[in-house]
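Visitor: Chains as they are written, first to last, in this note's numbering: chain B, 1 to 287; chain F, 1001 to 1055.
FYI, nobody ran anything at the bench for these hints, they're computed from the structure.
Each hint should be verified, as a subset may be incorrect.
[Stated by the list, open to error] Calculated pairs, BS3-like style, for lysine-lysine (alpha carbon to alpha carbon, straight line, at most 27 Å):
id, chain 1, residue 1, chain 2, residue 2
1, F, Lys1029, B, Lys254
2, F, Lys1010, B, Lys193
3, F, Lys1034, B, Lys252
4, F, Lys1011, B, Lys281
5, F, Lys1023, B, Lys231
6, F, Lys1015, B, Lys265
7, B, Lys252, F, Lys1011
8, F, Lys1011, B, Lys234
9, B, Lys252, F, Lys1029
10, B, Lys254, F, Lys1034
11, B, Lys252, F, Lys1023
12, F, Lys1029, B, Lys241
13, B, Lys254, F, Lys1010
14, B, Lys241, F, Lys1011
15, F, Lys1023, B, Lys281
16, B, Lys231, B, Lys241
17, B, Lys36, F, Lys1011
18, B, Lys227, F, Lys1029
19, F, Lys1034, B, Lys231
[Stated by the list, open to error] Simulated coverage check for chain F against chain B, where a stretch passes if three residues somewhere in it have a Cβ under 8 Å from a Cβ of chain B:
id, segment
20, 1031-1039
21, 1049-1055
All residues carry an ideal CB built from backbone N, CA and C; glycine is no exception.
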Amino acid sequence: MVKWYQSLQTRLTISFLLLISAIALGTFFYTVNEGKKAITEQMREELMLTANVMASQLDGDILASLHEGDEFKDEYWQIDDLLEKMRGDNEQIIYTYTMRINTDDSVAFVVDTDNEETYADIQKNLDEAVLIDMVYEDAPVDEIKEGLKGPYATEEPYTDEWGTFMTGYAPILDSESNAVAVLGVDFDISTVKEKQDFLSSRIYIIIAGAISAATLIILYFSSTIIKDLNKITKVAQEVSKGNPNVTIPEIKTKSEIYELNEGMKSVLAAVEFLTENVQSKSAPGGK
Amino acid sequence: MGQILVSYFKKAEEKGGIQAQVKLAMITKMSSIKAQEAPDSPENIKIFEEALAQL
């Protein structure tokens, strides 16, 4: 009797299962990775577009004229209100802020919408307010410089003292089309993560379903093959025990198993004939 | 029943002795007793004719 772990059915099923699992896992990781890249790229495009549209609405001449201590000016609040209004239209936007690059390559804030709503509020909360020309510590200077040249977005999500974001940058032009400042737009990356997790979970379900379906199909086919083989094996076992009077099974599928069965029929017919021949010769009055 | 089929074993013996008879049994997948029990149908006769031609 063949042990279960040596049987063809077990070997066939395990081999195919391993093969399908390897292909499915490869497909899963590749698809998820490519999907995540596509979603991140889509977010970058969206960020660049948003930043560019918003920056085009801002007056570069006013921004260039604002300097340390000008938070009380109407021009400051005009820019602040416009940024707030544009930010309010897009739920993904967490922060909008304008910056300029100093001659020493440091980055300074100009108008930051995270400030309080009036000059009085700023005065009350000076410790936390982001004021004009306040240096942006650990600023991604290279990316902001890219934003000064044209719309740009961070390649991947990043974390700073205010949270984890993806940021889009776009130049703010003055009346002579000189880039005088950069607009920064921070998107909440939870939406990116939600999209990525949704994609991963859906692909995971599809792959798990495909593996289950493939396993059932393999089990069905291997059991069909093994069933026919077992019939022939039983006949061979009977013959090997010295019992040639066995019924040969009928295999309908014209496969290799059918050929094996036909071969078995031929051998048994020869054995039967020879047995009959010997018996007739050894019988009294035989030739 | 099967008389015609059995007669092919005699023809095989005339052609090549017991070896030819064994070969006939293997090709037709019938021993002489089975041939005796089988009907002399046109299909069976055709099988035996073709087998005999191969001997």
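Visitor: If a hint holds in the structure, say so; if it does not, say that too.
Guide: We went through each hint and held it up to the structure:
1. Lys1029(F) with Lys254(B): Measuring from Cα to Cα gives roughly 17 Å; hence the hint holds.
2. Lys1010(F) with Lys193(B): Violated - the C-alpha atoms of Lys193(B) and Lys1010(F) are around 86 Å apart, more than 27 Å.
3. Lys1034(F) with Lys252(B): holds, 21 Å
4. Lys1011(F) with Lys281(B): The hint holds at about 19 Å.
5. Lys1023(F) with Lys231(B): Between Lys1023(F) and Lys231(B) the Cα gap is close to 25 Å, so the pair holds against 27 Å.
6. Lys1015(F) with Lys265(B): holds, 23 Å
7. Lys252(B) with Lys1011(F): violated, 32 Å
8. Lys1011(F) with Lys234(B): violated, 35 Å
9. Lys252(B) with Lys1029(F): holds, 17 Å
10. Lys254(B) with Lys1034(F): This hinted pair holds, its Cα atoms lying about 24 Å apart.
11. Lys252(B) with Lys1023(F): The given pair, whose Cα atoms are some 25 Å apart, holds under the 27 Å limit.
12. Lys1029(F) with Lys241(B): holds, 21 Å
13. Lys254(B) with Lys1010(F): At roughly 32 Å apart (the allowed maximum being 27 Å), Lys1010(F) and Lys254(B) break the hint.
14. Lys241(B) with Lys1011(F): Status violated; Cα separation ~33 Å.
15. Lys1023(F) with Lys281(B): holds, 19 Å
16. Lys231(B) with Lys241(B): Holds, at roughly 16 Å.
17. Lys36(B) with Lys1011(F): Violated, because 80 Å separates the two Cα atoms, which is more than 27 Å.
18. Lys227(B) with Lys1029(F): holds, 23 Å
19. Lys1034(F) with Lys231(B): Cα-Cα ~21 Å, so holds.
20. 1031-1039: This one holds; 4 residues, not fewer than the three required, reach chain B with a Cβ under 8 Å.
21. 1049-1055: violated (count 0)
Taken one by one, the earlier hints fail for this structure at numbers 2, 7, 8, 13, 14, 17 and 21, listed in ascending order.
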